[in-house]
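Residue 1131 in this note's numbering sits at position 190 of the sequence shown, with consecutive numbering throughout.
Treat the hints loosely; a few may be bogus.
The calculated lysine-lysine pairs, modelled on DSS-like cross-linking and capped at a C-alpha distance of 30 angstroms, are [claimed, not checked]: (1) Lys1387 <-> Lys1483; (2) Lys1003 <-> Lys1066; (3) Lys1387 <-> Lys1488; (4) Lys1009 <-> Lys1488; (5) Lys1271 <-> Lys1385; (6) Lys1480 <-> Lys1387.
Restraint-style ranges between C-beta atoms, simulated for each label pair [unchecked claim]: (7) Ile1597 <-> Tyr1125: 47 to 57 angstroms; (8) Gln1459 <-> Ala1405: 24 to 34 angstroms; (9) Pro1499 <-> Gln1253: 49 to 59 angstroms; (10) Glu1477 <-> Leu1620: 50 to 60 angstroms.
Quick caveat, the hints were computed from the structure, so don't treat them as lab data. Glycine residues also receive a C-beta, built at the ideal position from the N, C-alpha and C atoms.
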Amino acid sequence: MKNAIAIVGMDCKFPSANNLDEYWKILKNGECVLKDSIDYSDDKNFVHKAFFLDDIDKFDAKFFNISKKDAKYMDPQQRLMLESAWKAMENAGYNVSNLAEKTGVFIGSGISSYLVNNVIPSVQKDGIGLEKVMSQVFHGNSPDYISSRISYSMNLTGPSLTVQTACSSSLTALHMACRSLLTYECDMALCGGVSVNAAQGKGYKYVKNEVYSKSGHCLPFSEDADGTVFSGGLGTVVLRRLEDAIENNDYIYAVIRGSAINNDGSEKMSYTAPSEIGQTNVILDALAFGDVPPESISYVEAHGTGTSMGDQIEIATFKRIFDHSGSKVKLGSVKGNIGHALAAAGMASFIKTVLCLEKRRLCPSLYNNQENPSFGLSDSYLNIADAFEEWDNQDYPLRACVGSLGMGGSNAYVVLEEYSNRKPIEHSNVEEDKTVKFLKLSAKSKNSLEQIKGALYQYLSENAVDNQVLNLIYNFQRETFSYRTLIYYQDRKELLDKLRNDNIEGDTSVFELAENRQEILDIGKRMGIEISGVLETCKAIKHYWEKGEDIQFGQSFPSAVMKQPLPGYSFERESFWMQSESQEIGEAAEIFSSKGEVTTGQTALKPEDLDDYVKGVWINYLGADEKDFSKDFFELGGNSIIAYQMLADIEEHFGIELEVENMLEDPTVAHMTSLIQKLLD
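With the hints as constraints, model all of the structure from the sequences given.
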């Protein structure tokens, strides 16, 4: 298959949908998740409607080794993309620590509204001085750093770039990721799009002849359409060259056959107006790149904003291409469900269409069942998808076009195809399987570990999963962390029971009859466990692994097993949000630094006063609290820039000179206090 790219992992967060399953439920049920806005105005032109993303203030900073202070200054777009990238890689069945491939990162992003609405007003009100927090503000809020932050956090060494082409940003990033794979700049690509409004939930004022909907509803291609409603969200996909994905037994959701980007130029009504010629050319280029005939396309996920000019030109474009081919094509736009997600809009459309291909189902496009008669759809081969139905095409594999159009004329289109060679998932007969099996689960916190166990229990209660797949994903393709549990089991019931209570030991006589009895004993011997009984050996292996030892399975990587998307990491998220009235960090630091009169040239300085001062510095620069004072600087998310800023403040305060190398010998409160005391003596 020429120039084919496989989609092997996905993750998303859109209004009222925190994962792929919740997103699919909204799509197949034809739901509009628009809600009443949180604000009110008696202006007759004010529209009290909005879309909401859940928990945009929350983030697992500890997981990514980011200090509390840095997390609080960081744009939620950057935080949420870090978590989504990790979840997408796990969904693809890859352990980030063991990646042999050069992996690229390509992110389409919007501007940081958090910087304008939260960070700058808070800094100004609290009188901190922007120069004191420039590193946090700059690196945490510039879209440039979203991609490189992901590359750094996951040690990904391929190309890393952020794309901004307005509403076509995420599909443009996807196009660039595909090209990078096809030119072997990278062997795997993480691609995503994100747009998060820090001031979400507010209504808007309708202005005549602008793009906003007067009714507060986005109804693409409808007679009732009167504009768009903006929202937000994010989506991430993992891409590989198709031949590599097949060879590696990846789970392939669908295949990208071709993609293209272009610009309208100036041959159109105005700078902000769309162009039928530009859109026609980009679709034909994408089809040609994948050697895909137009008549083989049976669905188009349009940009579909619900604006009169935008919808009209898109329909004219589709009629120009597909009416000549004589193919019947269904049209849809996800914006009727979740609004216009701006820089993430293309990824919302892309993931929707990939899910439709994977499940061979079309989802209804919301248009009040009243198509705009001026578009002339009744006289064309185009029809709006109006029901959740089977997707079938007798003459060709299922194929779709997905488009995203940026104001100013930057267009992006992708051609997708079903992956029809996906092997059916086979399940071993657990009733006849008398072997003992292991399942490793771990996390960075106790709470996360319990959540992982709960999520896996729920999933396995509802879905049959082959034991070989469980072995591959959880024993070989998941990161190992310090909080651990090892489950040994023989059948499905025992596994489910132990996911709820892993203190259940098992029946000695049953374990002694295990078909792989000698294999279990050999694993124990390699770990230095000299016990004759199978059950006792399993208990010892569990004990050693949970204390930090490695399990010596003594078997090669199970590469012949087909991967399957399974529940991944459960982040322990807490709120990090800057507001002008919020001064918790400054107040906490003041409590410690003001306990003693720690001033330049002080001769009778008490050790406890100096200790309190250093603790105040730790709070100011790292967002630390009392339980963190025994931890070192880097464990709390410190970095070289913060270290130099911290030392500069201490030097200015005491009139001393500190070497960063001396601090890094033991980067703790106690050591820093000792260094300062020696210089003052």
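Status of each hint after checking the structure:
no. : hint                                    : result
1   : Lys1387 <-> Lys1483                     : 17 angstroms, holds
2   : Lys1003 <-> Lys1066                     : 28 angstroms, holds
3   : Lys1387 <-> Lys1488                     : 14 angstroms, holds
4   : Lys1009 <-> Lys1488                     : 28 angstroms, holds
5   : Lys1271 <-> Lys1385                     : 46 angstroms, violated
6   : Lys1480 <-> Lys1387                     : 21 angstroms, holds
7   : Ile1597 <-> Tyr1125: 47 to 57 angstroms : 53 angstroms, holds
8   : Gln1459 <-> Ala1405: 24 to 34 angstroms : 29 angstroms, holds
9   : Pro1499 <-> Gln1253: 49 to 59 angstroms : 54 angstroms, holds
10  : Glu1477 <-> Leu1620: 50 to 60 angstroms : 58 angstroms, holds
Going down the numbered hints, you'll see the structure goes against just number 5.
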